[in-house]
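Add chain B to chain A, keeping to what the hints say.
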Amino acid sequence: MSAPSHAPESVEQPEAADTVTKAPDGRGGSDNRSLRQIAWQRLRKDKVAMISGVVVVLLILAAILAPLLAKWFGHPPTQYHQDLLEPNTGLPYKDPDNPVPPGAFPSSEYLDRWGAISSEHLLGVEPVTGRDLFSRILYGAQISLLVAFLSTLVCVALGTVLGIIAGYKGGWVDTVISRAMDIFLAFPLLLFAIALVGVIPEGILGLTGNGLRIGVIVFIIGFFNWPYIARIVRGQTLSLREREFVEAARSLGASNRHILFKEILPNLVTPILVYATLLIPTNILFEAALSFLGVGINPPTPSWGKMLSEAVSHYSTAPYFIIFPGLAIFITVLAFNLFGDGLRDAFDPKTSD
Amino acid sequence: MATTGPVVRVDDLRVTFPTMDGDVQAVKGLSFEVPAGGALGIVGESGSGKSVTSLALMGLHRGSRAKITGAIEVAGKNVVTASDKELRRMRGNDIAMVFQDPMQSLHPQYTIGNQLVEAYKIHNPKASKDAALKKAVEALDRVGIPQPEKRVNSYPHEFSGGMRQRVVIAMGLMCDPKVLLADEPTTALDVTVQAQVLDLLDELRRDLGMALILVSHDLAVVAGSVDEVVVMRHGEAVERGDVRTVLSAPEHPYTQALLAAVPRVEVSRAQRRAQDRADRVAKAGAEGGGTVPAAFAPSADGGRGEPLLSVRDVAQRFKVRGGAWGRSTDFWAVKGVSFDLYRGETLGVVGESGSGKSTLSRTVMRLLEPTRGRVVFDGRDITHMKERELRPLRRDVQMVFQSPYSSLNPRLTVGDAIGTALRVQGEKDTRKIRVRVQELLERVGLEPGHYNRFPHAFSGGQRQRIAIARALILKPKLIICDEPVSALDVSTQDQVLRLLSELQDDFGLTYIFVAHDLAVVRQVSDRVLVMRKGEVVESGDSDSVYENPQSEYTRQLLAAAPVLDPDEARRHRAEREMLRAGRVA
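Those sequence lines, one after another, are chains A and B. Mapping the first sequence onto this note's numbering, position 159 (from 1) lands on 1393, and the numbers just tick up by one. Mapping the second sequence onto this note's numbering, position 460 (from 1) lands on 489, and the numbers just tick up by one.
If we strip away everything but chain A, and leave its shape as in the complex, we get (with noise of 0.2 Å):
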């Protein structure tokens, strides 16, 4: 045999050739972190992101803590404290102990714009009732919470099975589908939740009253929202399903339900992750709405949208009533698509830093 033409080189090519890969090679280091790591690093980074995220917390905290925070605070929400309003206007007085003397105008100069703000009424109380402010908007970032919560997942429970069946069947399959997210999604929702909050029955499905009210909202909310979550994963289905590594497992032997749930379900987490912790603050929107227009929770049970509603027409004699509910739906809000933003930007390998 005759000797290879490279024979000279490659005498000590063993050495030569480690020195080579070690520049491609040297990244192996002790790297073991996984993405989620890797984005968790990135995210502590992000002080808007850390921010929001921590108001997040302390707002579910609050949420789930509100009998406990309402009694070391304040007062039952439903309490109501006429004893702090004049009576004819409904406003409270600055000073109880000073009311308005009999025939005298009720003026500025005895009632109180700004709620009666006192260490007993953090937030000051309601007009007309009396009744705890801060306690009714801590009781309403339970009910807010809860049906952004429950309808997000609802939505994102839909997507994400629809979207990967329709990304990764293909085929009349994704037609159908795909046509049924159009439909969903043209829909005149509120319209649509109106006219149905007023049909549904009572004691339907065995729920009644404001579980019944929470469900039609939940319901409504989370399936005509499902398309924004479906078409995401369909597409990242679309694409991930052409991936080399899904072409790998079959050729391993694996079935359609391995590939889906092992092998592309886990590259979807991240998108959904993201897109559902921006969908919360949009569902949070969406309850108000209702709940402004008469078609959320029943009263007395306290909902933010529904004490918008009833501020509107005291806005100007006691505009702390529209302007605390209305902080605590924009502080939730903002809080939670700030998180969400960061998130996304920690998980995205594009954004550098």
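Incorrect hints may appear among the rest.
Reference listing, derived: stretches of chain A covered by chain B, where coverage requires no fewer than 3 residues with Cβ under 8 Å from a Cβ of chain B [what the hints assert, rightly or not]: (1) 1478-1484; (2) 1488-1500.
Listed next, the in silico BS3-like pairs over lysine-lysine satisfying Cα-Cα at most 27 Å (straight line) [what the hints assert, rightly or not]: (3) K179/B with K158/B; (4) K1496/A with K415/B; (5) K1403/A with K415/B; (6) K1279/A with K163/B.
Some chain B residues flagged as far from chain A (calculated, every beta-carbon gap over 12 Å) [claimed, not checked]: (7) D40; (8) G67; (9) E115; (10) Q133; (11) D159; (12) T449; (13) P505; (14) E564.
Treat the hints as calculated values from the structure; they're not laboratory data. Glycine included, C-beta positions come from ideal geometry on N, C-alpha and C.
Same frame as chain A, but now just chain B:
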């Protein structure tokens, strides 16, 4: 303009990128000069800093966070300190750039005429539209676009990849630059097209007196086109000198190793295998370790017995959607291919993009169902077998994919990725799976302790090793390698090829090796199929195909293959020019 001095001068260039984990020095003190009309090659593997250098030459680092020190002078202007306006005047006028991917460097919404005219009018705002258009037609003619008056009104998508790269070059020529900077101009192109584009660049340099800076990862690409070469590694020039000297008598061990790793089309399978085995024995001896297992000897030609795989007249049709009403047209990616594959041998399938070689491998793998023909594996007809029936057979045929980035699931640890195979084939014992996976990781040259790492922590070469381990774990009889090394650097490529060859010796594997690189295919294959447009144009014993090609197409491919020897590369170029001239006449 100083005609005597160098047109490009780079002195002690340093480029630093601040990152989360501290500063990264991409270029560390690089110096070179290019005389007017000269040609310089910058060669390095990925991460060597060659692309950063070419961007810095164009002043394209502005607006990024890169910090640049040192001097860059292009046609007498200092690029580091020039104002943005001066830089804009310089780009296109003094130095023009040709990028890697012609699919992305042209705007899809404008005709190429528009884009060429715009390139001209930026620097000659007073020029009339007609004059600019005339210039554009001239430039297109210069780069060899047929019927330039007509084609000037075409959109980029109406051109093939090679033609698009010509258009990009024509755009560079619009303002008669003094330097043409080509960053990997042929990496995205087929061999024959690559040869044409390199020939064109060489011709333009000679005719127009432009200086050429050719940046590439492939020594063989620059060999025939430049006078001087800089070999870069980790941002430093390890060697710089006349191309003939560097390629024939490299001084730096890195250049030597790089040259040794370049697959050569003149080295036969037998030579390469003997060399690999000898190296392995030498290495085992040096380490004083265990004995090298006896090479698996394929049975002599007479006693081949039954073929492991028999493919008869296989054709694969895709429906291409067209028209508003979803009417589809048929596209035959593979048209009637037949071959037999015997145990222990390697069949090379070589062809350019669109030749159907990847479709063929997926059809044989039964990831696709053949439209026509028959595939018999190990005595069983698998042509139309159902997925469920195929599942137990899957363990016998495995595949190694092209892209080490897309073939591993980023969300699975490598242990899981490799272990999946055992799991889907019914193994339940996690401990057993773990032990087996770690054995294999060690076998393919990786740390068994890296079991729990995610793919992103590995380099391209390491990922390809992981993919090979995944293919091996089911102890397959046949492994189909679809361009397994085309995404890798030369030195990594060499190591992966060695690994494949060792594994073939150890486990008696049969390979189908699909690639576009003629040299790589020759070194690993016993027999070769040359494919073009879905058909086999030539097949046979690899040495005879390479040394005595029967078909015109194979001859063209071989003439286009880049060679390392600068003089031979120039001889090949002359041959090609003669061939072309002959065809035109």
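Hints, verified against the model:
1. Beta-carbon proximity to chain B at under 8 Å applies to 6 residues in the segment 1478-1484 of chain A; the threshold of 3 is reached and the given coverage holds.
2. Coverage of the segment 1488-1500 of chain A by chain B holds. Counting CB-CB distances below 8 Å, 6 residues qualify, and the rule asks for three or more.
3. Simply put, K179/B and K158/B have alpha-carbon atoms about 17 Å apart, close enough for the 27 Å limit, and the pair holds.
4. Our distance criterion of 27 Å between C-alpha atoms is met by K1496/A and K415/B, whose separation comes to about 22 Å.
5. Note on K1403/A and K415/B: the hinted pairing holds, with a Cα-Cα distance of about 17 Å set against a maximum of 27 Å.
6. Between K1279/A and K163/B, the direct Cα distance comes to roughly 56 Å. Violation of the 27 Å bound is thereby established for this hinted pair.
7. Every Cβ of chain A is farther than 12 Å from the Cβ of D40/B; the closest lies at roughly 25 Å, confirming the non-interface assignment.
8. Distance check on G67/B: its Cβ is at least 29 Å (rounded) from any Cβ of chain A, clearing the 12 Å threshold; non-interface status holds.
9. Listed as outside the interface, E115/B is consistent with that label: its C-beta sits roughly 29 Å from the nearest C-beta of chain A, beyond the 12 Å cut-off.
10. With a least CB separation of 16 Å from chain A, Q133/B remains clear of the 12 Å interface cut-off, as annotated.
11. Separation of D159/B from chain A is adequate, the least Cβ-Cβ distance of about 43 Å exceeding the 12 Å criterion.
12. Distance check for T449/B against chain A: the nearest CB is about 6 Å away, which does not clear 12 Å, and the non-interface claim fails.
13. Consistency note on P505/B: stated as away from chain A, yet its beta-carbon is not over 12 Å from all of that chain's, at 10 Å minimum.
14. Every CB of chain A is more than 12 Å from the CB of E564/B (nearest about 24 Å), matching its label as outside the interface.
Hint compliance for this structure: hints 6, 12 and 13 are not met, and every other hint is.
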